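Colleague: Please take these sequences and the hints and turn them into a complete structure.
Heads up: the sequence lines are chains E and A, in that order. Under numbering that gives the first Met the number 0, think of the first position of the first sequence as 0, with each following residue one higher. Under numbering that gives the first Met the number 0, think of the first position of the second sequence as 0, with each following residue one higher.
Be aware that one or more of the hints could be misleading.
[To be verified] Cβ pair distances, simulated, as ranges:
1) A:K51 / E:H116: 31 to 39 Å
2) A:I172 / E:K207: 29 to 37 Å
3) A:L69 / E:M149: 55 to 63 Å
4) E:P252 / A:I172: 20 to 28 Å
5) E:Q249 / A:T47: 24 to 32 Å
6) A:L69 / E:F113: 39 to 47 Å
7) E:S118 / A:L205: 33 to 41 Å
8) A:E101 / E:S118: 28 to 36 Å
9) A:L205 / E:K202: 21 to 29 Å
[As the list claims (entries may be wrong)] Computed list of lysine-lysine pairs in DSSO-like fashion (alpha-carbon distance at most 30 Å, straight line):
10) A:K165 / E:K207
11) A:K165 / E:K112
12) E:K202 / A:K53
13) E:K135 / A:K185
Simulated from the structure, these hints should not be mistaken for laboratory data. The structure displayed is predicted, hence computed values, not measured ones. All C-beta atoms in this analysis are idealised placements derived from N, C-alpha and C, irrespective of residue type, glycine included.
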Amino acid sequence: MKTKSNLERVLESKIFAVTSELGPPQSADAEVIRRKAKILKGHVDACNVTDGQTAVARMSSWAACVIAKEEGLDPIVQMTCRDRNRIALQMDVLGIAALGMNNMLCLTGDHQKFGNHPSAKGVYDIDSIQLVKMVKDMRDEKKFQCGEVMTVEPHLFIGAAANPFADPFEFRAARLGKKAAAGADFIQTQIVYNVDKFAEWMKAVRDKGLHEKVKILPAVAPIKSVGAARYMKTRVPGMDVPDGIVARLQGVPKEQVPQEGTKLCIDIINQLREIEGVAGIHITAIEWEEIVPEIVEAAGLLPRPKLST
Amino acid sequence: MLISEQKPLEEILSYLDGEKSIFVVGCKGCAEGWGSGGEKQVAEMRSTLQEKGKAITGSVVVDMLCDAALTRLKLKSYRKEIAAANSVLVLTDGVGVQTVAEVVDKVVHPGCNTLSSGGAHAEWKESERCLECGDCMLEFTGGLCPIARCSKHLLNGPCGGSQGGKCEVDPSIPCVWQQIVDHLAKIGQLGKLEGLVAPKNWSVSLISGPPVKRFS
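Modeller: In structure tokens form, the structure reads like this:
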């Protein structure tokens with residue numbers, strides 16, 4: 000064990016892991032975090048807390064993580080390169096470790112153009128892969144990016160993202176290889192609706208032996224409405240929503256769409272579990288956290304191993 | 000060649016708020032070429048400002064506003080008109096505005112935004128290919144520059160937003176990382192992308208380094 004991460008312990012025990020996601024509020028309201036954390040507690044092994052997702056200014060991930068941890072979750076701090084240069088990133092890495100956080104997901108970040116401050120200056124001093132390497136060197140070599148040595152290193156279980164559905168498809172497994180080589184311990188993917196394409200990517204991943212080097216958790220998300228499905232299909236960059244998904248939701252009366260969307264999500268989890276090299280599942284239901292316990296239970300993923308951090 | 004376009008009129012008028020008389024300067028070089036501050040645009044700006052109640056004390060279109068000696072000489076013959084004005088409005092790129100500010104002791108307003116140097120450092124026009132970052136990365140990226148052409152300056156791209164050869168930020172922007180992958184695949188060198196590119200030295204770049212380095 001490299002860290003005290005509950006997620007690492009579960010994955011190392013070869014138990015199919017469950018993570019979920021919690022979105023901080025656009026306010027200083029700690030109760031929002033506490034309420035969402037109480038819903039997820041006992042149903043997940045670790046929980047991502049987003050860092051200004053879609054480039055909207057919100058409570059910072061690390062601060063919301065401290066609150067989530069008080070509520071009994073093992074939080075995954077998300078950290079983007081969009082808003083911080085290498086100095087700020089390393090300061091936050093040391094800070095979150097000192098606050099008792101065990102996991103960190105390294106991201107480049109959604110471009111500022113998509114958020115509520117589109118005129119902001121993007122930082123992008125380093126990219127997500129360089130961030131993974133930097134955190135790994137801090138943890139395993141006790142070294143700052145500049146090469147200077149520290150006395151007490153941050154023990155963080157290092158995550159990164161992957162999008163099997165983006166172009167150029169042929170290069171996607173190789174890029175995952177770069178993240179593994181940089182030092183990622185686990186990978187959470189873009190939301191999977193196109194299971195066939197995901198399986199094709201996983202084959203390329205296995206051919207390179209990457210599933211042995213890094214734990215892969217595909218993401219799933221229940222869809223609440225036909226409109227949401229169409230929006231994701233056409234408007235969200237890097238998403239692949241096959242026509243069959245939209246058709247399935249259209250095939251039921253409007254008031255039953257949330258249930259059908261939930262069923263669909265559970266079906267996808269069951270299909271993903273069968274794919275060799277899939278180590279767990281990441282259930283993301285931003286602003287619909289209440290549905291996560293139901294999905295975890297219906298997918299037969301309860302009880303979760305007792306939390307230890 | 001510096002590519003510029005006029006700022007929105009409301010923005011220009013906000014700069015001129017409280018001022019009664021204006022002297023207008025244009026340039027026969029790049030600004031004439033890009034239609035942002037040549038003879039025609041200076042004449043149009045004169046009448047627009049007059050319609051908005053401003054007095055125009057005079058105007059001039061200098062051959063090359065980036066030439067400080069020439070600009071100084073030319074503006075000398077408009078000494079009185081400039082002295083009579085509250086301020087000088089300059090319709091050209093950021094270099095020309097700075098030249099005028101250097102040679103006249105008046106408030107100088109920029110009337111244009113500078114969009115690009117249009118390959119000013121070479122003869123490959125139309126779009127920016129080099130950001131003069133001082134630490135060339137082209138060795139690692141197949142000879143195509145992600146610092147100039149990737150929205151997130153990724154050195155280990157492409158990001159998850161590349162789709163159909165386009166950048167997620169704007170479908171009119173080609174994804175340079177798709178182009179990098181295509182190019183290296185074509186010449187059988189895709190393996191070049193497998194190595195990790197280390198964080199870049201930004202200290203020598205124009206926007207992060209000490210500016211004095213560039214102005215001796």
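Colleague: Next, verify each hint and record whether it holds.
Modeller: Verification of the hints:
1. A:K51 / E:H116: 31 to 39 Å: Since A:K51 and E:H116 have Cβ atoms about 32 Å apart, the given range 31 to 39 Å holds.
2. A:I172 / E:K207: 29 to 37 Å: holds, 30 Å
3. A:L69 / E:M149: 55 to 63 Å: With a Cβ separation near 57 Å, A:L69 and E:M149 satisfy 55 to 63 Å, so the hint holds.
4. E:P252 / A:I172: 20 to 28 Å: violated, 42 Å
5. E:Q249 / A:T47: 24 to 32 Å: violated, 54 Å
6. A:L69 / E:F113: 39 to 47 Å: Once the Cβ atoms are compared, 46 Å apart, the range 39 to 47 Å for E:F113 and A:L69 holds.
7. E:S118 / A:L205: 33 to 41 Å: Distance hint for E:S118, A:L205 is violated at roughly 21 Å.
8. A:E101 / E:S118: 28 to 36 Å: holds, 29 Å
9. A:L205 / E:K202: 21 to 29 Å: violated, 45 Å
10. A:K165 / E:K207: It holds: about 27 Å lies between the C-alpha atoms, which stays within 30 Å.
11. A:K165 / E:K112: The hint holds at about 15 Å.
12. E:K202 / A:K53: violated, 71 Å
13. E:K135 / A:K185: violated, 34 Å
Hint check: violations occur at hints 4, 5, 7, 9, 12, 13; the rest are consistent with the structure.
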